[in-house]
Amino acid sequence: MHAFKQTHLIIALMAAFWLLWPGALSAKKQAVDIYDLSLDENLDMPQIHNDKQAAKVQDYQYDVAVKLKKQNFDVELMRDNEVIVVTIPAGQLFGPNDTILSNLGKTSLKPMLQYLQNPGFYKMLLVMHSDNTGSDAYTLELTRSRVNAVFDWFEDNGTVEFVVPYALGDTDPLVDNNSMVNRKRNRRLEIYLVPDNVMINQAKKGKINIKQIQKQ
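If you read the sequence shown in the numbering used here, its first letter stands for residue 4, the second for the next number, and so on.
Hints are supplied without guarantee of correctness; some may be wrong.
Pair by pair, the computed Cβ-Cβ distance ranges are [what the hints assert, rightly or not]:
#1 G209 - P99: 45 to 55 Å
#2 D54 - S148: 21 to 31 Å
#3 D77 - N204: 28 to 38 Å
Straight line, CA to CA, 30 Å or less: simulated BS3-like cross-link-like pairs of lysine-lysine [unchecked claim]:
#4 K70 - K207
#5 K70 - K214
#6 K72 - K207
#7 K70 - K187
#8 K210 - K70
#9 K109 - K55
#10 K72 - K55
#11 K109 - K187
#12 K214 - K113
#13 K210 - K72
#14 K208 - K70
#15 K210 - K187
#16 K70 - K113
#17 K210 - K73
#18 K208 - K72
#19 K208 - K109
#20 K187 - K214
#21 K109 - K207
#22 K55 - K208
#23 K187 - K55
#24 K55 - K214
#25 K73 - K113
#26 K207 - K55
#27 K210 - K55
#28 K73 - K55
#29 K72 - K187
For the record, the hints were derived by calculation from the structure and aren't laboratory data. For clarity, every value in this text was computed on a predicted model and none was experimentally measured. The beta carbon of each residue, even a glycine, is placed where N, CA and C say it ideally should be.
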């Protein structure tokens, strides 16, 4: 009986040490790694279950969407107006079949940097699409190289702690790839601004402000 209690005491002490160890805390905090999630999973979380908080977030996101529209971005709202989708034509970011971000592309992306100024306020998903010109392997590699170029630019100019890139090749066209005009529409970058925990916590307190950095 004494040995049984002693064994359990040792296990309890080891568990307490693991929880207090900084690396363990980090591992616990990162139990759900956004980089391991699919696009649909990242779009669906975190969920806002409180109606009042959800309403605050929806109102804030609507105002941000209006602001982006005034800056001539192609903007939509989804998930009950909680998530903003900004669509930028690939031709505005890259030359034909190129994977190097153009100067026009850098200028086009610059207004989006402000939405990363408060880590954890937004989760930004970068989703690159292509038309169906070329093989599946080619379109996938093209979109992978392009979205990595966009990701690298964000990393060079801000923070990418909450930025997740996805390359979808030609798997999700907006329209049929049956004309030059339609193929051009399908070649695009979608930027999703998903409310994350900092914004949701602010909504719980009653006021959302991206410039208010959460104290650690």
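Going through the hints against the structure:
no. : hint                   : verdict
1   : G209 - P99: 45 to 55 Å : 50 Å, holds
2   : D54 - S148: 21 to 31 Å : 43 Å, violated
3   : D77 - N204: 28 to 38 Å : 30 Å, holds
4   : K70 - K207             : 24 Å, holds
5   : K70 - K214             : 16 Å, holds
6   : K72 - K207             : 27 Å, holds
7   : K70 - K187             : 26 Å, holds
8   : K210 - K70             : 18 Å, holds
9   : K109 - K55             : 37 Å, violated
10  : K72 - K55              : 26 Å, holds
11  : K109 - K187            : 20 Å, holds
12  : K214 - K113            : 17 Å, holds
13  : K210 - K72             : 23 Å, holds
14  : K208 - K70             : 24 Å, holds
15  : K210 - K187            : 41 Å, violated
16  : K70 - K113             : 15 Å, holds
17  : K210 - K73             : 24 Å, holds
18  : K208 - K72             : 28 Å, holds
19  : K208 - K109            : 36 Å, violated
20  : K187 - K214            : 37 Å, violated
21  : K109 - K207            : 35 Å, violated
22  : K55 - K208             : 10 Å, holds
23  : K187 - K55             : 41 Å, violated
24  : K55 - K214             : 22 Å, holds
25  : K73 - K113             : 15 Å, holds
26  : K207 - K55             : 8 Å, holds
27  : K210 - K55             : 11 Å, holds
28  : K73 - K55              : 28 Å, holds
29  : K72 - K187             : 21 Å, holds
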